[in-house]
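Participant: Here are the chains, one letter per residue:
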Amino acid sequence: MIPLSWSLALSAVLFVIGVIGVLVRRNALVIFMSIELMLNAANLAFVAFSRDMQSLDGQVFVFFVMAVAAAEVAVGLAIIVNMFRLRETVFVDEINLLKG
Amino acid sequence: MADSNAPMLWLIPALPLAAVLLNLLVGGRLGRKGIGWLACSAVGLAFLVALRAVLRLAALPEAQRTVTDTVYTWMRVGDLSVDVSFLLDPLSAVMALVVTGVGFLIHVYSTGYMAHDASFRRFFLYLNLFMFAMLTLVMADNFLLMFVGWEGVGLCSYLLIGFWYTRPSAAEAGKKAFIVNRIGDFGFILGMLILFTWGGSLEYTRLFAVAPHVFAVGSTVITTATLLLFLGAIGKSAQLPLYTWLPDAMEGPTPVSALIHAATMVTAGVYMVARTHVLFQLAPVSLQTVAWVGAATAVFAASIGLAQNDIKRVLAYSTVSQLGYMFMACGVGAFTAGIFHLMTHAFFKALLFLGAGSVIHALSNEQDLRKMGGLAPRLPWTHGTMLVATLAIAGIPPLAGFFSKDEILSSAFASGNVAVWILGLAGAVMTAFYMFRLYILAFRGKPRLSHEAEHHLHESPPSMIVPLAVLAALSVVGGLVGPPMQEGGHSFARWLAPVFAGGAHGAAPHHAVSVATEWGLIALSVVVALAGIGLAFRVYLQDPDAATRLRERLAGLHRTLLNKYWVDELYDATAVRFVHGAAQSFWRFWDTKVVDGAVNGVGHVFEGCSAVLRLFQTGFVGTYALFFTLGVVALLLHFLRH
Numbered sequence: 001m002i003p004l005s006w007s008l009a010l011s012a013v014l015f016v017i018g019v020i021g022v023l024v025r026r027n028a029l030v031i032f033m034s035i036e037l038m039l040n041a042a043n044l045a046f047v048a049f050s051r052d053m054q055s056l057d058g059q060v061f062v063f064f065v066m067a068v069a070a071a072e073v074a075v076g077l078a079i080i081v082n083m084f085r086l087r088e089t090v091f092v093d094e095i096n097l098l099k100g
Numbered sequence: 101m102a103d104s105n106a107p108m109l110w111l112i113p114a115l116p117l118a119a120v121l122l123n124l125l126v127g128g129r130l131g132r133k134g135i136g137w138l139a140c141s142a143v144g145l146a147f148l149v150a151l152r153a154v155l156r157l158a159a160l161p162e163a164q165r166t167v168t169d170t171v172y173t174w175m176r177v178g179d180l181s182v183d184v185s186f187l188l189d190p191l192s193a194v195m196a197l198v199v200t201g202v203g204f205l206i207h208v209y210s211t212g213y214m215a216h217d218a219s220f221r222r223f224f225l226y227l228n229l230f231m232f233a234m235l236t237l238v239m240a241d242n243f244l245l246m247f248v249g250w251e252g253v254g255l256c257s258y259l260l261i262g263f264w265y266t267r268p269s270a271a272e273a274g275k276k277a278f279i280v281n282r283i284g285d286f287g288f289i290l291g292m293l294i295l296f297t298w299g300g301s302l303e304y305t306r307l308f309a310v311a312p313h314v315f316a317v318g319s320t321v322i323t324t325a326t327l328l329l330f331l332g333a334i335g336k337s338a339q340l341p342l343y344t345w346l347p348d349a350m351e352g353p354t355p356v357s358a359l360i361h362a363a364t365m366v367t368a369g370v371y372m373v374a375r376t377h378v379l380f381q382l383a384p385v386s387l388q389t390v391a392w393v394g395a396a397t398a399v400f401a402a403s404i405g406l407a408q409n410d411i412k413r414v415l416a417y418s419t420v421s422q423l424g425y426m427f428m429a430c431g432v433g434a435f436t437a438g439i440f441h442l443m444t445h446a447f448f449k450a451l452l453f454l455g456a457g458s459v460i461h462a463l464s465n466e467q468d469l470r471k472m473g474g475l476a477p478r479l480p481w482t483h484g485t486m487l488v489a490t491l492a493i494a495g496i497p498p499l500a501g502f503f504s505k506d507e508i509l510s511s512a513f514a515s516g517n518v519a520v521w522i523l524g525l526a527g528a529v530m531t532a533f534y535m536f537r538l539y540i541l542a543f544r545g546k547p548r549l550s551h552e553a554e555h556h557l558h559e560s561p562p563s564m565i566v567p568l569a570v571l572a573a574l575s576v577v578g579g580l581v582g583p584p585m586q587e588g589g590h591s592f593a594r595w596l597a598p599v600f601a602g603g604a605h606g607a608a609p610h611h612a613v614s615v616a617t618e619w620g621l622i623a624l625s626v627v628v629a630l631a632g633i634g635l636a637f638r639v640y641l642q643d644p645d646a647a648t649r650l651r652e653r654l655a656g657l658h659r660t661l662l663n664k665y666w667v668d669e670l671y672d673a674t675a676v677r678f679v680h681g682a683a684q685s686f687w688r689f690w691d692t693k694v695v696d697g698a699v700n701g702v703g704h705v706f707e708g709c710s711a712v713l714r715l716f717q718t719g720f721v722g723t724y725a726l727f728f729t730l731g732v733v734a735l736l737l738h739f740l741r742h
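These protein sequences, in sequence, are chains H and A. Under the working numbering, the first residue of the first sequence is numbered 1, with each subsequent residue one higher. Under the working numbering, the first residue of the second sequence is numbered 101, with each subsequent residue one higher.
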């Protein structure tokens, strides 16, 4: 059996990759994928704990996270598509209308 | 309100107010005819409601003739409790009837006079607003609500004097009226504060009930309070030394001069003194002041009226002078006579102004008496009614002015103030003289019209003539309610008795004079009036050169009178220039340096702070996310350490 610490380490690595992706990438789609990566890192931690503690609670949480993530993807993609239509770019540096 | 005897008094001021609101909302769609109807019918209805209320009041036994109608409690702060509440007693009944009655006639007249004015709707808006304020003033049952009306009429006066605001002189005159009145209002407010501090209430009935117990007769407090109130009356009623705004107020349309600056608003000061007679009777010094200011103004203004050439200015000085008579009456304790003269004056002076307006209308806006003359056959109705009014104001029996002026003069004589009486008599001669000078210059003799005016000359339309006729009728019969030498006072005095008899604490009782003396006084005032009239006819009609000779012989006096004793110049040189200079320096130093400096300083501080804080707002989402992450990491480390 895979020890809990391995799963948690993988989860942490995935999460940090996601954070770095959000911080350094400029393409909105890639930032979006990085966010998904962070969510799934959390899901992995949930599932690992769930198995380790012999409790289904963690798995239920994962379903919720997946459902919310799906909704978020729909909305987020819609925003990105619209932004692309308006500004013809998906690079977040160029979307700076709110800058004073 | 629950009292079925309270005949919805609030309706009387509310009707003109409703007309104002309707005019504001839908006046644009009504057209001139609709606006005229709306404005007139509101005031006409108010008159009918007032009449019904007064008839009900008259049906009550004499002691109970005080009806109040509380609409709601305006404010209750500590000891101060003020209601929006209307009072109908014999005094406010007279005022309400005069205001709505004469006001209605002038509204009707205005529909004809203003028919061709571009701002027809605005005119009636202001006029109705004025009626609302004036009715609030006369029907309020406490000082504060009266003050609301007091300021309201001041505002409307300002708006209507400056009605033709594109004319600089009209705009100036409006400002002058407003600012001079401010001085008086300042006195009114201070007087009100003193009365509340010592008397504990601003409601008439309560205050007047406690006044004799709180204030000793002739004490400094009551003398100061009443003198301050009288300062308010001086400003509003254009007495010495604050009369200068009224002649300039003639820049307004003539119906406004008739309504506001002759019949109603300017009499508010007299009404206020009469209303607070209980307080004034506790302060003999104040009463003396009132009498002397009134008498001095009566003579002073009449003398200026002798030499003016503008038909409306003659009437304006005449108004100032007649208001002086009313104060004179109040000052010698004859409040009934003062109110009586207020009423008759409202009739004949409104008529004089409306007649003058009819002349001005007929002559295409010519106001200079030197360019009139011989109008009698061309304007028969205007001439006839004007003649009635002129006779009435000169004091020829049995017209209205005779009874009231004679009562004032005999009261002054009876009270022992012989000097005041002599001044009044001198004023009466001058009144008769300048009024007939005006009449002769306008209607008799040879026409001196300009060619253009001659060409357009026409009698006024019926909407203007009918009010003239009604007012002429009132000027004839209006005095008959108060003939002299009646056992127990004449009917007008008996009507007002419940108001004025109640507070005779420490007052000089009405000195009775013998019948022979009274006849003598009457004969004297008639002779005096006839002398003034005869002199005017001699100088201006029989011998036109006599006027020129007289003017040349008394050149210095004539110049002094023509220039109104240079009082305006004096005020300009002292008060106006001083205040103006002070305001300039305050503006330069205090406003621009201190006030603006403080405001801009605060602004600069925030500007500097935001310049620093702005550096964090890069506008790049990545930067925000970085700070966000760093924050989370910092928090995480913080919690993991424990």
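In case anyone wonders, no lab produced these hints; they're calculated from the structure. There may be inaccurate statements among the hints.
[Claimed, not checked] Beta-carbon label-pair distances, calculated as ranges:
id, chain 1, residue 1, chain 2, residue 2, range
1, A, ILE283, H, LEU97, 51 to 61 Å
2, H, PHE64, A, VAL712, 13 to 23 Å
3, A, HIS704, H, LEU97, 55 to 65 Å
[Stated by the list, open to error] From chain H, some residues computed to sit far from chain A (all C-beta separations above 12 Å):
id, residue
4, ASP57
5, ALA74
6, VAL75
7, VAL92
8, ILE95
Just so it is clear, the structure is predicted and the values come from calculations on it, not from any experiment. A virtual CB, placed ideally from N, CA and C, is assigned to each residue, including glycine.
Participant: The structure should be examined with respect to each hint, and the outcome stated for every one.
Facilitator: Hints versus structure:
1. ILE283(A) with LEU97(H): 51 to 61 Å: holds (59 Å)
2. PHE64(H) with VAL712(A): 13 to 23 Å: violated (43 Å)
3. HIS704(A) with LEU97(H): 55 to 65 Å: violated (29 Å)
4. ASP57: About 23 Å separates ASP57(H) from the closest Cβ of chain A, which puts it past 12 Å; holds.
5. ALA74: holds (20 Å)
6. VAL75: Given that every Cβ of chain A is farther than 12 Å from that of VAL75(H), nearest at about 17 Å, it holds.
7. VAL92: Given a closest Cβ separation of 5 Å, the condition is violated.
8. ILE95: It is violated; ILE95(H) is separated from chain A by about 8 Å at its closest Cβ, not greater than 12 Å.
In terms of the numbered hints stated before, the structure departs from hints 2, 3, 7 and 8, listed from lowest to highest.
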